[in-house]
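In the order they appear, the protein sequences are chains A and B.
Residues 158 to 269 in the numbering used here are what the first sequence lists, from first letter to last.
Residues 34 to 145 in the numbering used here are what the second sequence lists, from first letter to last.
Think of the hints as simulated: they come from the structure by calculation, not from any bench.
Even glycine gets a Cβ: it sits at the ideal position worked out from N, Cα and C.
It cannot be assumed that every hint is accurate.
Have a look at the derived ranges for each label pair, beta carbon to beta carbon [unchecked claim]:
1. B:Ser91 x A:Thr261: 18 to 26 Å
2. B:Pro41 x A:Ala236: 34 to 42 Å
3. A:Ser227 x B:Lys48: 41 to 49 Å
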Amino acid sequence: KQEVTQIPAALSVPEGENLVLNCSFTDSAIYNLQWFRQDPGKGLTSLLLIQSSQREQTSGRLNASLDKSSGRSTLYIAASQPGDSATYLCAVRHGTGNQFYFGTGTSLTVIP
Amino acid sequence: EAGVAQSPRYKIIEKRQSVAFWCNPISGHATLYWYQQILGQGPKLLIQFQNNGVVDDSQLPKDRFSAERLKGVDSTLKIQPAKLEDSAVYLCASSLPHYEQYFGPGTRLTVT
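Okay, chain A solo, but in the shape it has when bound:
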C-alpha cells in the first residue's frame, strides 16, 4: 500500500525567506503527484500537478520537483509572504489503482 509522508509537520519562517517542503512516497509506480494548499476551514486548492514523466513544474513563486526513483517530491516557495501561511498537502495518484493517497501535510507559518 502506498504511504505518503510529509516532513516537517510544521514550519515557521520569517517573511522573505525561501523554503522547501518535502513529500516522500513508498511506491514509485505513480501516475502523477499533486500539491495542494489548504487554508483553515476551507477545501483544498490545487497548486501544481506533475505527471510521472516530468521532473518539475513551476507556477509563479512555486516550483515542484519530482524524483520518482527515490520516491520524493519537493515544493519550493520563493520569497515567502504571510499570505502563504497554510497547510500544504501532497497527493500521489497510484499508477495501477488510480487512487489518490494524501500526506498529512506541512503547516506553514510565515511571520511578518
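With chain A held as given, fit chain B onto it using these hints.
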C-alpha cells in the same frame, strides 16, 4: 468556470442519526471523489466515481456509508447511523480522468 459545490457547509447531529451530503462537480468532469478528512490528517478517499459507475470504494464503511451518483453528475453521500468517530470534514472533488482534482469547500460534520 464554476467550482465544485457542496452543501450543507456545516452539520451537527446526534449519534445514531442519519445525514446526507450533496456535491455538484465542475461541469464536464466525469470523475468524482468523496474524501473524509479527520482533524490533523490528510484526506482519505471514501469513494470514486467515473460517470455514474463506482471505480473504488475500498475504504468506504459500507455498513453505514452509502453514495450514489445518478445521471453521472451530482452525487450524495449518506451516513446512517452516524457514530462519534464520523466527525470530520467531508470533501468532494472532481476531475477529468487522470487530471488535476478540484475540491469543494467541504462539509464539516460534528456528531455528538
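Outcome for the supplied range 34 to 42 Å, where the beta carbon pair is Pro41 of chain B and Ala236 of chain A:
For Ala236 of chain A against Pro41 of chain B, whose Cβ atoms are near 39 Å apart, the range 34 to 42 Å holds.
Taking the Cβ atom of Ser227 of chain A and the Cβ atom of Lys48 of chain B, is their distance within the range 41 to 49 Å?
Roughly 45 Å apart at Cβ, these two residues keep to the hinted range, so it holds.
With respect to the beta-carbon atoms only, verify the hint that Ser91 of chain B and Thr261 of chain A lie 18 to 26 Å apart.
holds (20 Å)
Of the numbered hints stated above, none is contradicted by the structure.
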